[in-house]
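Protein chains: 2
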Amino acid sequence: MDKLASKSPEPGGGSVAALTGALGAALVSMVANLTLGKDKYKEVQPQIEALLKESEKIRGEMLDLLQKDTEVYRALSDVYKMPKNTDEEKAARTAMMQEALKKACQVPFEIALKSLEVARLAERAADLGNVAAVSDAGVAVLLAQACAQSAALNVKINVNSIKDDTYNRKTWASMQDVLTQVAALERSVMATTYKRMG
Amino acid sequence: MDKLASKSPEPGGGSVAALTGALGAALVSMVANLTLGKDKYKEVQPQIEALLKESEKIRGEMLDLLQKDTEVYRALSDVYKMPKNTDEEKAARTAMMQEALKKACQVPFEIALKSLEVARLAERAADLGNVAAVSDAGVAVLLAQACAQSAALNVKINVNSIKDDTYNRKTWASMQDVLTQVAALERSVMATTYKRMG
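The listed protein sequences correspond, in order, to chains A and B. Quick note on my numbering: the first sequence kicks off at 163 and runs consecutively. Quick note on my numbering: the second sequence kicks off at 163 and runs consecutively.
Some hints here could point you the wrong way.
One copy or any two copies: either way a pair holds, since identical chains are not told apart in the list.
What the hints assert, rightly or not - Lysine-lysine pairs mimicking DSSO-like chemistry, simulated, CA-CA at most 30 Å apart:
hint, residue 1, residue 2
1, Lys204, Lys230
2, Lys215, Lys325
3, Lys165, Lys219
4, Lys219, Lys169
5, Lys243, Lys230
6, Lys215, Lys332
7, Lys325, Lys202
8, Lys165, Lys230
9, Lys215, Lys252
10, Lys243, Lys357
Honestly, the hints are just simulated from the structure, not real lab data. Quantities reported herein were computed from a predicted structural model and do not represent experimental measurements.
Chain A on its own, in the form it takes in the complex:
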């Protein structure tokens, strides 16, 4: 967190998005772990076991994406430092820049896709999990939502510099679709959470 707060541009918002998503997945795992082996929830044990397996998988994938985000960001920074004295140097720099930007765009886009999975897991945790931990399923969906919207900002930064309108339009439209789905899940899971809390 000290490095995050520093003037080093990485880790930045993209990595924080992934961390937020990973924390959401961890909370789903906690709800699952607090439901496993409980007599009151014996009828949903197989579903809870499956839920835990998936939430732990996605937690790992989110942490991999956190790492990957800092890597593509560093690669992009290296391209920015390439020489641009001659026309050849300028052309080489521009070509590599476009490639690096698309890679840097892909990572937050994958983080957003993964946040949708976290939101779906939170829904299952809120529906089936131990009622004593339902607020944690609620927090999980709030984190999935923050993750998706943060990832979108980081997709947008790159899209603004990518000179490929077809790619940009397609990517941003998919991003909007993910945001809509996550927002809908956020609303319904929060309603379930407050309802089950009583």
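Position chain B relative to chain A; hints supplied.
Using the frame of chain A, we list chain B on its own:
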């Protein structure tokens, strides 16, 4: 994060709320640090110095609240384990339970109040900070929003068990007021962020 995902009920959603708020404050600090000493932003250097000082202070306070949340939760768990065989034991347990619940309610309430401060800092970072880092100010306000809503869920859990209607009504009304203010800041800071990103 492994302990979060485990069946140990603490750390839980309250601590994650505080962590989320601390990450938001850290991002404000990053935006400030990426603005300090930049010629293009020389006119706002005093405001940015003040912003950094405040964001670092709140980051520390959020991390203190994270710790405090696990402590009050543990204290409450200890009260749950108190004996309740005789009427005297029952009365003692109930009295201590009510006290412990109010303490456990106060911490997420303070986290929510602090999230409002993070949202206000994010607003200043988005308005005045380096445009190259404005998306990070956007992520900061998204985290402040997730923090506030997560803290509210944790206030609600306790309010549901506290037998003091006046306290409950007052606390929950204040909580709603904080949520409204944070949500308004989230909307305006996100609008500023997308606008400045172009």
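Comparing the hints with the structure gives:
Taking the shortest Cα distances, Lys204 and Lys230 never come within 30 Å of each other, neither inside one copy (39 Å) nor across copies (34 Å). For a Cα distance limit of 30 Å, the shortest separation of Lys215 from Lys325 qualifies neither inside one copy, at 40 Å, nor across copies, at 39 Å. Taking CA atoms no more than 30 Å apart as the test, Lys165 paired with Lys219 passes in both settings, with 27 Å inside one copy and 16 Å between copies. Proximity of Lys219 to Lys169 under the C-alpha cut-off of 30 Å is restricted to the inter-copy arrangement: shortest distance 17 Å between copies versus 32 Å within a copy.
For the homomeric pair Lys243 and Lys230, the shortest alpha-carbon distance inside one copy (20 Å) is at most 30 Å, but the shortest distance between copies (45 Å) is not. For the homomeric pair Lys215 and Lys332, neither the shortest alpha-carbon distance inside one copy (32 Å) nor that between copies (41 Å) is at most 30 Å. In this assembly of identical chains, the alpha carbons of Lys325 and Lys202 lie at most 30 Å apart only when taken from different copies (27 Å versus 57 Å within one copy). Taking identical chains as interchangeable, the C-alpha atoms of Lys165 and Lys230 lie at most 30 Å apart whether they share a chain (17 Å) or sit on different chains (24 Å).
Taking the closest pair of Cα atoms, Lys215 and Lys252 never come within 30 Å of each other, the shortest separation being 49 Å inside a single copy and 41 Å across copies. Taking the closest pair of Cα atoms, Lys243 and Lys357 come within 30 Å of each other only across two copies (27 Å); inside a single copy the shortest separation is 54 Å, beyond that limit.
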